[in-house]
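Using the sequences and the hints, build the whole thing.
If you want the building blocks of each chain, they are given just below.
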Amino acid sequence: MATSFDVAIAGGGIVGAACAEECAASGLTVVVVEPGPIGGGATAAGMGHIVVMDDSPAQLALTNYSRTLWMERAREFPADVEYGAAGTLWVAADEREMAEVRRKLGVYASAGVRAEVLGPRELAEAEPHLRPALAGALRVPDDAVIYPPCAARYLLEHARERGAAVRLGESAASPSGQGIRLRSGEWLSAGATVNATGAWAPELTPGIAVRKRKGHLVITGRYPGWVRHQLVELGYLKSAHSSTADSVAFNVQPRRTGQLLIGSSRQYGAEHAAIDAPILTRMLLRAQEYMPGLAELSAIRSWTGFRAATADKLPLIGPCPADARLYLATGHEGLGITTSLATGKLLADQLLGRRPAIPVEPYLPARKQEEHG
Amino acid sequence: MPDRDYDVVVIGAGPAGLAAACRAAECGRRVALLDDNPHPGGQIWRNPAGKAPKQAARWLAAAKQHAVEFIPGACVFDAPEPRRIAVEMFDGECRLGYGSLILATGARERFLPFPGWTLPNVTGAGGLQALAKSGVPVAGRRVVIAGSGPLLLAVACFLRTHGADVRLVAEQASPSALLRFGMQLARHPAKLRQALEFFGTRYLTSCWPVSAQGVERVESVTLRRGARTWTEPCDYLACGFGLIPNIELAQLLGCRTAAGGVPVDEYQQTSVQGVYAAGEVTGIGGVELSTVEGEIAGYAAGGNTARATALFPARRQHRRFAAALETAFALRDELRGLPLPGTLVCRCEDVTMERVRACANWREAKLHTRCGMGPCQGRVCGGAIEFLLGWQPESVRPPVFPARIGSIAR
Amino acid sequence: MGNRRPRHETASSPKGASRPTWGSAADQGVRPTTDFLTLSVNGAPVTVPAGASVSAAIALAGVTLYRRSVNGEPRAPLCGMGICFECSVTIDGRAHCRSCQVVCQPGMEVRTDA
Numbered sequence: 001m002a003t004s005f006d007v008a009i010a011g012g013g014i015v016g017a018a019c020a021e022e023c024a025a026s027g028l029t030v031v032v033v034e035p036g037p038i039g040g041g042a043t044a045a046g047m048g049h050i051v052v053m054d055d056s057p058a059q060l061a062l063t064n065y066s067r068t069l070w071m072e073r074a075r076e077f078p079a080d081v082e083y084g085a086a087g088t089l090w091v092a093a094d095e096r097e098m099a100e101v102r103r104k105l106g107v108y109a110s111a112g113v114r115a116e117v118l119g120p121r122e123l124a125e126a127e128p129h130l131r132p133a134l135a136g137a138l139r140v141p142d143d144a145v146i147y148p149p150c151a152a153r154y155l156l157e158h159a160r161e162r163g164a165a166v167r168l169g170e171s172a173a174s175p176s177g178q179g180i181r182l183r184s185g186e187w188l189s190a191g192a193t194v195n196a197t198g199a200w201a202p203e204l205t206p207g208i209a210v211r212k213r214k215g216h217l218v219i220t221g222r223y224p225g226w227v228r229h230q231l232v233e234l235g236y237l238k239s240a241h242s243s244t245a246d247s248v249a250f251n252v253q254p255r256r257t258g259q260l261l262i263g264s265s266r267q268y269g270a271e272h273a274a275i276d277a278p279i280l281t282r283m284l285l286r287a288q289e290y291m292p293g294l295a296e297l298s299a300i301r302s303w304t305g306f307r308a309a310t311a312d313k314l315p316l317i318g319p320c321p322a323d324a325r326l327y328l329a330t331g332h333e334g335l336g337i338t339t340s341l342a343t344g345k346l347l348a349d350q351l352l353g354r355r356p357a358i359p360v361e362p363y364l365p366a367r368k369q370e371e372h373g
Numbered sequence: 001m002p003d004r005d006y007d008v009v010v011i012g013a014g015p016a017g018l019a020a021a022c023r024a025a026e027c028g029r030r031v032a033l034l035d036d037n038p039h040p041g042g043q044i045w046r047n048p049a050g051k052a053p054k055q056a057a058r059w060l061a062a063a064k065q066h067a068v069e070f071i072p073g074a075c076v077f078d079a080p081e082p083r084r085i086a087v088e089m090f091d092g093e094c095r096l097g098y099g100s101l102i103l104a105t106g107a108r109e110r111f112l113p114f115p116g117w118t119l120p121n122v123t124g125a126g127g128l129q130a131l132a133k134s135g136v137p138v139a140g141r142r143v144v145i146a147g148s149g150p151l152l153l154a155v156a157c158f159l160r161t162h163g164a165d166v167r168l169v170a171e172q173a174s175p176s177a178l179l180r181f182g183m184q185l186a187r188h189p190a191k192l193r194q195a196l197e198f199f200g201t202r203y204l205t206s207c208w209p210v211s212a213q214g215v216e217r218v219e220s221v222t223l224r225r226g227a228r229t230w231t232e233p234c235d236y237l238a239c240g241f242g243l244i245p246n247i248e249l250a251q252l253l254g255c256r257t258a259a260g261g262v263p264v265d266e267y268q269q270t271s272v273q274g275v276y277a278a279g280e281v282t283g284i285g286g287v288e289l290s291t292v293e294g295e296i297a298g299y300a301a302g303g304n305t306a307r308a309t310a311l312f313p314a315r316r317q318h319r320r321f322a323a324a325l326e327t328a329f330a331l332r333d334e335l336r337g338l339p340l341p342g343t344l345v346c347r348c349e350d351v352t353m354e355r356v357r358a359c360a361n362w363r364e365a366k367l368h369t370r371c372g373m374g375p376c377q378g379r380v381c382g383g384a385i386e387f388l389l390g391w392q393p394e395s396v397r398p399p400v401f402p403a404r405i406g407s408i409a410r
Numbered sequence: 001m002g003n004r005r006p007r008h009e010t011a012s013s014p015k016g017a018s019r020p021t022w023g024s025a026a027d028q029g030v031r032p033t034t035d036f037l038t039l040s041v042n043g044a045p046v047t048v049p050a051g052a053s054v055s056a057a058i059a060l061a062g063v064t065l066y067r068r069s070v071n072g073e074p075r076a077p078l079c080g081m082g083i084c085f086e087c088s089v090t091i092d093g094r095a096h097c098r099s100c101q102v103v104c105q106p107g108m109e110v111r112t113d114a
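Chains as they are written, first to last, in the working numbering: chain A, 1 to 373; chain B, 1 to 410; chain C, 1 to 114.
Honestly, I wouldn't trust all of these hints.
Unchecked claim - Derived contacts from chain C toward chain B, CB cut-off under 8 Å, selection only:
hint: 1; residue: F36
hint: 2; residue: L37
hint: 3; residue: G43
hint: 4; residue: T47
hint: 5; residue: S53
hint: 6; residue: T64
hint: 7; residue: S69
hint: 8; residue: V70
hint: 9; residue: N71
hint: 10; residue: P74
hint: 11; residue: P77
hint: 12; residue: G80
hint: 13; residue: Q101
hint: 14; residue: V102
hint: 15; residue: G107
To be verified - For each label pair, taking beta carbons as the anchor points, the in silico distance ranges come out as:
hint: 16; chain 1: A; residue 1: G185; chain 2: B; residue 2: G390; range: 25 to 35 Å
hint: 17; chain 1: C; residue 1: R94; chain 2: B; residue 2: Q65; range: 32 to 42 Å
hint: 18; chain 1: B; residue 1: D5; chain 2: A; residue 2: E76; range: 30 to 40 Å
hint: 19; chain 1: A; residue 1: P292; chain 2: B; residue 2: D5; range: 22 to 32 Å
hint: 20; chain 1: A; residue 1: E186; chain 2: B; residue 2: E334; range: 34 to 44 Å
What the hints contain is simulated information worked out from the structure, not anything from laboratory work.
A virtual CB, placed ideally from N, CA and C, is assigned to each residue, including glycine.
Put into structure tokens, the structure is as follows:
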């Protein structure tokens, strides 16, 4: 078994898997270290929403670039990845939010992202279970939904086919620019090392400015056709944007199985994975405000997960200031699924000195982070 | 239904729960007795006003006399705050407060997969009895009963007396194992066996089903016994391989639990103060043990430790039956070979045995195949996978039964 | 869901009772009875003894398919006690009801998968 690689990646979630795939496809020898199961962290806990978001120009650029990569490969994925272009509806409750919808339309149009405004009647036709008297929505038809654990597994298999080694069931004890020391004691030496361990990244590389941001989700029984698009309230952006208060925002996803995935919640400082009943209740009440009929649907499971959050809401993709051979690919907050493919590209670009498709400066770990509200 | 507070809430109205509720009420406590089934009696005492043992009717009458409040169709899905449970009924929900809680949630059957087990009219052994008691017609139907445990004989006799043509009972345990069991008791399955043979039902030991056949529903079952395999035509295959305690609510409440049941102290109290457990949920032991455990829990929760202590000898005696049960009816290794690679193990999500075997553990199987992620929350596949692969179920999260969103967040 | 009947009250328990009571058919299950009621299964009327479960009504209607699995296989009750969800059907418009846990009421509309 080889113990020396061009790149050693700690973390087999969707970001680590995407990095492995891109590096291996670019001709680098790769090893991925993952205690298991593949995609078992935030990748498993999250919503699998592939979405263009415009909280900042850099976020818009990254999500747009990455979503295009997903779209280009849509037909490649096996059935269990469940890729489906459900589209997103950003739902406006009132005229003030409709103004925001129109502003977004302009931003998306200038970025080449297909979008259209729906008035109240069109919205009701598109999604009959939304409550009456909403103002309308922005429809983004090319946004998609996937099942992330199987997507991560697929990307990793693809990496394996191109020679990557996957050490499943192993934990990385300390990654450094020289390689990864496994908890078992074994040493994997590497030309460069990548910390792609999400919310656990600071435990492996002390000093990374990544905080755990807890989220809750609920999944229902099967109700095919009850919701057609991913539905997100405009207030979701405010919730994701805030860096302090606990918040909830209406966010519902139709799965290919016909089940509905209901979110979303955000909490800092909650370290335990147990369900937080008051937050769960707030989240579900918020969802019922937008879709009263949810009250009658059967919820079969609830769970939590930890996003990896940074101060400026942008991920860390690039070398550590302290150790130029130790790279970070973490801090994706609620956009890890969407931006995983672009992260793989941007990481490989930097390792190989390739010109990236979008400027990489906003995501460099060495950047100065402006704390957002 | 409005939210209410009680001194003692008993969850499960089988023998343990009925006894517990009565004794707690006797102590002067305000008691609620919940069951998710529409009628009290649990599994073994279903329809007690019909043809059930006199004991059942006695306990029901006592419960009425002591003003126990029976809440049927009540499914406990969460414990959202200390000393509070969340309950869903067909037409509503409520939160009930309690001073003490008694878990008498009983046990469910262990199902093992084999080719054809998902066909309509392949049911549990206790399952077919429950369905028949609720009105599913069995008169004149050919029934094969298979699996393991004294339950098979009880079910055979019940079905027989309701007009079913019970062709045979296939018990996987060996005759020597059963003999050890039979020797230990005064009242034991030998009597039931004699009754069966009087009706012409074969009782075969060291015998188990290898596959079921049929198009829209089961039409025949292939059985193995030693070197011999043969096929029996049937209208129902009632098949259960022992019992698994329903410990999920105890887990949700933070009680220490083990696969074999919820550990309790001599007063039937769990590791959580004020939460008691009695009956099959503490370990499979039969109706007499369940009843006396329920009485002890009821007296303890009701504050009468003297009466509880007085029952310790009876409990000790009935525990011997439980120990005998476990060894006699242990499942044999050959049953691990029953499912073929393409046999479904998760019925909710249609996941095959080979897909699950390709995973390293439960967590991986759940994420990558969705086995155990359906509405049964792993209650059916979990018992099978525990036996087949040795994987223990993971910790539980609310809701411990599917519940309407409006019941969870109100 | 307008005039839904409370399901835990049966024909013989007082309507509008503020708390569930013992004095009803609820504690007596399906006994030999002259009480019958009619409900519909997949649009066809079925007459069942009072106290029978919806699972029983479906069986009495001669239907063996309660639900179709994820891959379209026919399924019917397995456990009989409310944990397997194989008996799930739509009752009065509400999907995913465990028919083995629901007592038949006059005029109920039960739909199985096709």
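Hints the structure fails to honour: 1, 2, 3, 4, 15 and 18
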